[in-house]
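S.K.: Letter by letter, the chains look like this.
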Amino acid sequence: LAKTTQPISMDSYEGQEVNITCSHNNIATNDYITWYQQFPSQGPRFIIQGYKTKVTNEVASLFIPADRKSSTLSLPRVSLSDTAVYYCLVGVDNAGNMLTFGGGTRLMVKP
Amino acid sequence: DAGVIQSPRHEVTEMGQEVTLRCKPISGHDYLFWYRQTMMRGLELLIYFNNNVPIDDSGMPEDRFSAKMPNASFSTLKIQPSEPRDSAVYFCASSLVLAGGIQDTQYFGPGTRLTVL
Numbered sequence: 007l008a009k010t011t012q013p014i015s016m017d018s019y020e021g022q023e024v025n026i027t028c029s030h031n032n033i034a035t036n037d038y039i040t041w042y043q044q045f046p047s048q049g050p051r052f053i054i055q056g057y058k059t060k061v062t063n064e065v066a067s068l069f070i071p072a073d074r075k076s077s078t079l080s081l082p083r084v085s086l087s088d089t090a091v092y093y094c095l096v097g098v099d100n101a102g103n104m105l106t107f108g109g110g111t112r113l114m115v116k117p
Numbered sequence: 043d044a045g046v047i048q049s050p051r052h053e054v055t056e057m058g059q060e061v062t063l064r065c066k067p068i069s070g071h072d073y074l075f076w077y078r079q080t081m082m083r084g085l086e087l088l089i090y091f092n093n094n095v096p097i098d099d100s101g102m103p104e105d106r107f108s109a110k111m112p113n114a115s116f117s118t119l120k121i122q123p124s125e126p127r128d129s130a131v132y133f134c135a136s137s138l139v140l141a142g143g144i145q146d147t148q149y150f151g152p153g154t155r156l157t158v159l
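Chains R and A, in that order, give the protein sequences.
Numbering of the first sequence is given in my numbering, commencing with residue 7 and proceeding in unit increments.
Numbering of the second sequence is given in my numbering, commencing with residue 43 and proceeding in unit increments.
I should point out that these hints are in silico values taken from the structure, not numbers from a laboratory.
From the three backbone atoms N, C-alpha and C, an ideal C-beta is built for every residue, glycine too.
Check the hints yourself; a few may be wrong.
Stated by the list, open to error - Pairwise CB distance ranges (calculated):
#: 1; chain 1: A; residue 1: Gly-58; chain 2: R; residue 2: Asn-32; range: 23 to 31 Å
#: 2; chain 1: R; residue 1: Glu-23; chain 2: A; residue 2: Gly-58; range: 48 to 56 Å
#: 3; chain 1: A; residue 1: Gly-58; chain 2: R; residue 2: Ser-87; range: 35 to 43 Å
#: 4; chain 1: R; residue 1: Ser-29; chain 2: A; residue 2: Gly-58; range: 37 to 45 Å
What the hints assert, rightly or not - Listed below are several chain A residues computed to face chain R (Cβ distance under 10 Å; list not exhaustive):
#: 5; residue: Val-46
#: 6; residue: Ser-49
#: 7; residue: Thr-55
#: 8; residue: Gly-58
#: 9; residue: Ile-68
#: 10; residue: Gly-84
#: 11; residue: Met-102
#: 12; residue: Asp-105
#: 13; residue: Phe-107
#: 14; residue: Pro-112
#: 15; residue: Ser-115
#: 16; residue: Phe-116
#: 17; residue: Tyr-149
#: 18; residue: Phe-150
#: 19; residue: Pro-152
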């Protein structure tokens with residue numbers, strides 16, 4: 007399984023753009039990159055997924071360079087409600103069916 | 043669909059007692075996952091099922107833990123006997139069939155907060 011490395015925590019202010027980078031140096035050819043968000047006392051929820059280049063949805067953008075050894079989750083104009091833990095997931099098991107959550111990045115948005 | 047349903051939401055028990063956590067996945071989902079989350083260890087995958095069959099239980103901490111999925115709409119995670127170090131939030135998640143390298147979205151339940159005294 008591709009191991010991921012993310013910053014443990016980040017601070018930001020309301021209205022700013024936040025970029026969280028995840029390193030996954032041993033990503034495999036078939037691996038997709040998926041990001042989840044977890045609020046306190048809730049289970050993680052899917053934010054965005056991509057394979058290469060850029061993906062954008064109503065919540066975030068995901069930037070993946072050509073070598074795919076890292077990815078950056080971009081949250082535009084964050085608000086206090088974006089305070090959460092963000093997980094980067096990469097890889098499947100030999101059966102092609104499993105994700106592994108790393109430690110995540112704890113984002114604190116301040117007023 | 044109501045999403046993934048877990049019960050109970052909170053469980054307080056004494057060391058040595060048996061604890062059973064329950065999960066109802068989203069209808070039509072072929073994969074079911076059990077996770078444990080603590081401050082120290084983060085979110086850990088314990089076991090997952092595909093079409094009711096356990097595929098990988100390498101994350102189950104020890105023999106005191108067991109999981110079953112008797113049918114497509116129900117799974118249990120049992121701890122017997124429970125210990126204080128088992129105190130954690132236990133999440134159940136489900137997803138559709140995965141194709142190729144595409145990792146389908148996992149839908150998580152609200153979790154069960156277990157406290158073992």
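S.K.: Please go over all the hints and tell whether each is borne out by the structure.
M.R.: Each hint tested on the structure:
Hint check: Gly-58 (chain A) to Asn-32 (chain R), Cβ distance near 43 Å, so the stated range 23 to 31 Å is violated. Under the hint 48 to 56 Å, the C-beta atoms of Glu-23 (chain R) and Gly-58 (chain A), about 52 Å apart, fit the expected range. As the Cβ distance of Gly-58 (chain A) to Ser-87 (chain R) is approximately 42 Å, the hint placing it in 35 to 43 Å holds. For Ser-29 (chain R) paired with Gly-58 (chain A), a C-beta distance near 43 Å keeps the hint of 37 to 45 Å intact.
For the restraint placing Val-46 (chain A) at the interface with chain R, the shortest Cβ-Cβ distance is roughly 8 Å, inside the 10 Å limit, so the hint holds. The closest approach between the C-beta of Ser-49 (chain A) and any C-beta of chain R is roughly 14 Å, which is over the 10 Å cut-off, so the hint fails. Because the smallest distance between the Cβ of Thr-55 (chain A) and any Cβ of chain R comes to about 20 Å, over 10 Å, the interface hint for this residue is violated. At a threshold of 10 Å, the smallest CB-CB gap from Gly-58 (chain A) to chain R is about 28 Å, leaving the interface hint violated.
Interface hint status for Ile-68 (chain A): violated, as the beta-carbon distance to the closest one in chain R is roughly 13 Å, over 10 Å. For Gly-84 (chain A), the interface hint holds, the least distance from its beta-carbon to any beta-carbon of chain R being 5 Å, beneath 10 Å. For Met-102 (chain A), the interface hint is violated, since its Cβ never comes within 10 Å of a Cβ in chain R; the closest pair sits about 14 Å apart. A distance limit of 10 Å between C-beta atoms decides the matter here; for Asp-105 (chain A) the minimum to chain R is near 22 Å, and the interface restraint is violated.
Below 10 Å, beta-carbon pairs count as interface contacts, and Phe-107 (chain A) has none with chain R, the closest being about 18 Å; its hint is therefore violated. A hinted interface residue such as Pro-112 (chain A) counts as satisfied when its beta carbon comes closer than 10 Å to some beta carbon of chain R; here the least separation is about 21 Å, so the hint is violated. Among the interface hints, the one on Ser-115 (chain A) is violated; its C-beta lies about 19 Å from the nearest C-beta in chain R, farther than the 10 Å criterion. The criterion of a C-beta within 10 Å of any C-beta in chain R is not met by Phe-116 (chain A), whose closest approach is roughly 18 Å, and the hint is violated.
Taking 10 Å as the C-beta cut-off, the interface hint given for Tyr-149 (chain A) holds, the closest approach to chain R being about 8 Å. For Phe-150 (chain A), the suggested interface contact is upheld, since its CB lies about 3 Å from the closest CB of chain R, less than 10 Å. This hint holds: Pro-152 (chain A) has a C-beta 6 Å from the nearest C-beta of chain R, less than the 10 Å allowed.
The structure does not agree with the numbered hints 1, 6, 7, 8, 9, 11, 12, 13, 14, 15 and 16 stated previously, though it agrees with the rest.
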